[in-house]
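Please take these sequences and the hints and turn them into a complete structure.
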Amino acid sequence: MASILKKRTFGREASLGIILIFCIASTGFINPRFVTGDGTRDLLSATAIVALLAIGMAPVMIMRHIDLSIASTVGFSAWLVADFCAKNPSFTWWQCFVIGGAVGIAVGVINGLLVAGLRLPSLVVTLGTLYIVRGGVYVVSNSVDYNAQEMPPSLLSLGQKTFAGLLPFPFLMVIILMVIVGWYMKYTKPGRDCYAIGSNPPAADLVGLKVFRRTFLAYIFCGFIAGVAGVFYLMRFAQVDSTAFYGQELAVVAAAVIGGIGLLGGAGTAVGVVIGALLVQTIQGALAALGVDAFWKAAINGFLLIVAIYADRVLARRTEKALLAQRIKERV
Amino acid sequence: MANKGDLLLEMKDVKKRFGGAIALRGTNLSVRAGEIHALLGENGAGKSTMLKILAGVHEHDAGTITFGGAPFISGSPQASIDQGIAVIYQEPSLFLDLSLAENVFVGRQPKKGLAIDWKEAEAQARKLFNELGVELDPKRQARGLSIADQQVVEIAKALSMNASIILMDEPTAALSASEVERLMTVMRNLRAANKAVIFVSHRLDEVFAISDFITVMRDGATVSEKAISNTDLQTVIKEMVGRELTELFPKTDHPIGDVVLEVNDLTNPAYFRNVSFTVRKGEIVALAGLVGSGRSEIARSIFGVDSYETGSVKINNKPLKKNSPITAIAEKIALVPEDRRQQGLFMVAGVNRNISMESFDRLKGRIFLNFKKERALTNQWRENLSIKYADQSDPVDRLSGGNQQKTVLAKWLATDPDLLIVDEPTRGIDVGTKAEVHKLIDKAAGEGKAILMISSELPEVLGMADRIIVMREGRQVTELSRKEATQENVIAAATTGKKGI
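Going line by line, the protein sequences match chains A and B. Going by my numbering, the residue at position 202 of the first sequence is 202; the numbering climbs one at a time, nothing skipped. Going by my numbering, the residue at position 358 of the second sequence is 358; the numbering climbs one at a time, nothing skipped.
Keep in mind that the hints were calculated from the coordinates and are not lab data. A virtual CB, placed ideally from N, CA and C, is assigned to each residue, including glycine. One thing to keep in mind: the hints can contain errors.
Unchecked claim - FRET-style restraints, in silico, Cβ to Cβ: (1) A:L315 / B:G26: 25 to 35 Å; (2) A:K321 / B:P71: 26 to 36 Å; (3) B:A193 / A:R119: 34 to 44 Å.
What the hints assert, rightly or not - Partial pick of chain B residues on the chain A-facing surface, computed with a CB cut under 7 Å: (4) F95; (5) G107; (6) P255; (7) M357.
Unchecked claim - For the chain A half of the interface with chain B, some residues (derived, Cβ under 8 Å), not all of them: (8) T188; (9) K189; (10) N200; (11) G208; (12) S242; (13) Y246; (14) L250.
This is how it looks when you write it as structure tokens:
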């Protein structure tokens, strides 16, 4: 039984990593381009935004909440940043991040107040803000699109930078954020509080944890990351319209869940989430490399999500059974 | 650090009400350092409210509480923790996803520089576990610990907070004999370290084995505060029960007929073992015993919502399929569950829809529900049980507890069952309605239904039942006829497992 418990807590990242390597290897076998430097750079660039958002959402989901508004926030931030840049040609890359981050924080504050302050169910609240923020983009944009020529060259060139020949700038940021968030969640009191709150909310109140503050700040952080991700969106696509990143929130949730963050909170790591995002993207890339059409790509994505949840459930049930058996033995 | 015998906690004339219900009407409690103090009383006497006030979950309305020589700061769990009060709830409130070390130090993790020092936390937790004399791996996840081990983790948490007083709400309720023994050793160690331990228990044999002082509560007031040497089992039981059977129980004698329910050697090892009994037509049989003694689980197994491992159930001399409520209902069994809000009713649905729920087949026209018939049925049961509501379609949420309970009863009585199982039929309803519910149960028996009643209220058991089966820790202790049963011998059997007193 001890082995089951161990597997459940420590094995998640390792087994995901093995599946990831297996997927990359087998795709590379069929389509060798997939494992070249170009292929790797493509994979990492394509994963960066979802991975970034999934790390941002990790603390929220660990606390047994969710934030569905992120994709709308990405769209809103991307459009507003592009708009600022178009009106102020002197803008450079860091100003983009300031504006994007501020937009994200604003949405995060609203979500945080509603979920942590009024204790409304996060699923409904953020579904609401999903529509409100997207509606905001439609209204503000007034069907205006922006293209590369309106954006600061410093920003676009930053997006093209690679490190060590393999690591695109956006994914470097993912790795840095992953290390910081991973460390913070494991080694600081506020980080641990998140796990405790998600694991057993009533008990968190009883031991006097600051539930409001943690939840509120987690939403602000999640919103901030979504705002920043909007700038990464501009870097990658160099164009934006009011439907930017539409409907992608569920891809983020899927990456997080596949990466080991249970919807019931209390578990999961930043590393797992990034591997989850890579895995989703690898499989997408692999299917594209194999020439599978778009419908099947979406369907297989959904299938993967269900398999991940099912695997979790099976493990949980096996643990439960082992425990009951043990308790019965103790009682005799 | 307090010295042995120093007055640590004093509660004087503490009062608390929840809306209209008075939970505490003036209770006193004084506890000294280095003392194990038992807090006793029947269900609803106010013990849990007392503990929750000290835990900072509730705030008292009136009275004074002094703790460690200073006024007690009330109303916040954090404040109680800071003052040195640790509470171990009946259901341990651990974080199951986290390691044991982390559970011990949650919110107070030792740090090295900016980061939490996990090595140090684990070493300290291991030291605490060693002091408590149990072998637990601090790195292990809390999920899967037995209740007993979870309590040990909670106690370690209390020690790590340097609590001077540790409150335990029915700590032994879910423990096996050897685990109780271990817990008692831990409690004695705490006493030796000059901590005060307040514990609530219904197991009087344990209370007398370990405590130094006993406070008995009844109906929200303190009845007696005595050192263990100045009291004995009989006195304590008398003080707990207090009242004579003054409420009127309208039990009448009915002819008793054939066996309706026959339970044979029923076992579900996690909850109950080797349970055998019968219930006859026109007979009321009570399952008495403490909460957690396996009574509700037996009822649920008979009805098929839960399963059992070995044994058999026969209804009207026919074997009953196990784990199938649908079959049970078809065989005319009805179960009025313990928790009417969660299990007995659809709270947002109307009274009519709740009452007609199980009688749909009789009420439907060709395909759809016939509203006229439903209305007639609802009116009929409204009259029979005098249920009070403004409109038939009012959600049951709006009814009082007593009327809700009558609605559940109506739903099942409308199916004209052969066997009616009622689990805590009068929990949380007022005295007047209680008597009405009792009358209904008696009337149902008079109509030849077999009745199995589970109740934690002794007067109800003694007043209503033809026969009483006393359960303790999942086993049948004894069976008493209406004539043999007294408050004392039922309590003694339920709390000590001894048949006579």
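Outcome of the hint check:
1. A:L315 / B:G26: 25 to 35 Å: 53 Å, violated
2. A:K321 / B:P71: 26 to 36 Å: 51 Å, violated
3. B:A193 / A:R119: 34 to 44 Å: 40 Å, holds
4. F95: 4 Å, holds
5. G107: 6 Å, holds
6. P255: P255 of chain B check fails; min Cβ-Cβ to chain A is 42 Å, beyond 7 Å.
7. M357: 28 Å, violated
8. T188: Status holds, d = 7 Å.
9. K189: 6 Å, holds
10. N200: Hint on N200 of chain A: holds, closest Cβ of chain B at ~5 Å, below 8 Å.
11. G208: 3 Å, holds
12. S242: 40 Å, violated
13. Y246: Y246 of chain A check fails; min Cβ-Cβ to chain B is 34 Å, beyond 8 Å.
14. L250: Not OK, violated: L250 of chain A not within 8 Å of chain B, min 25 Å.
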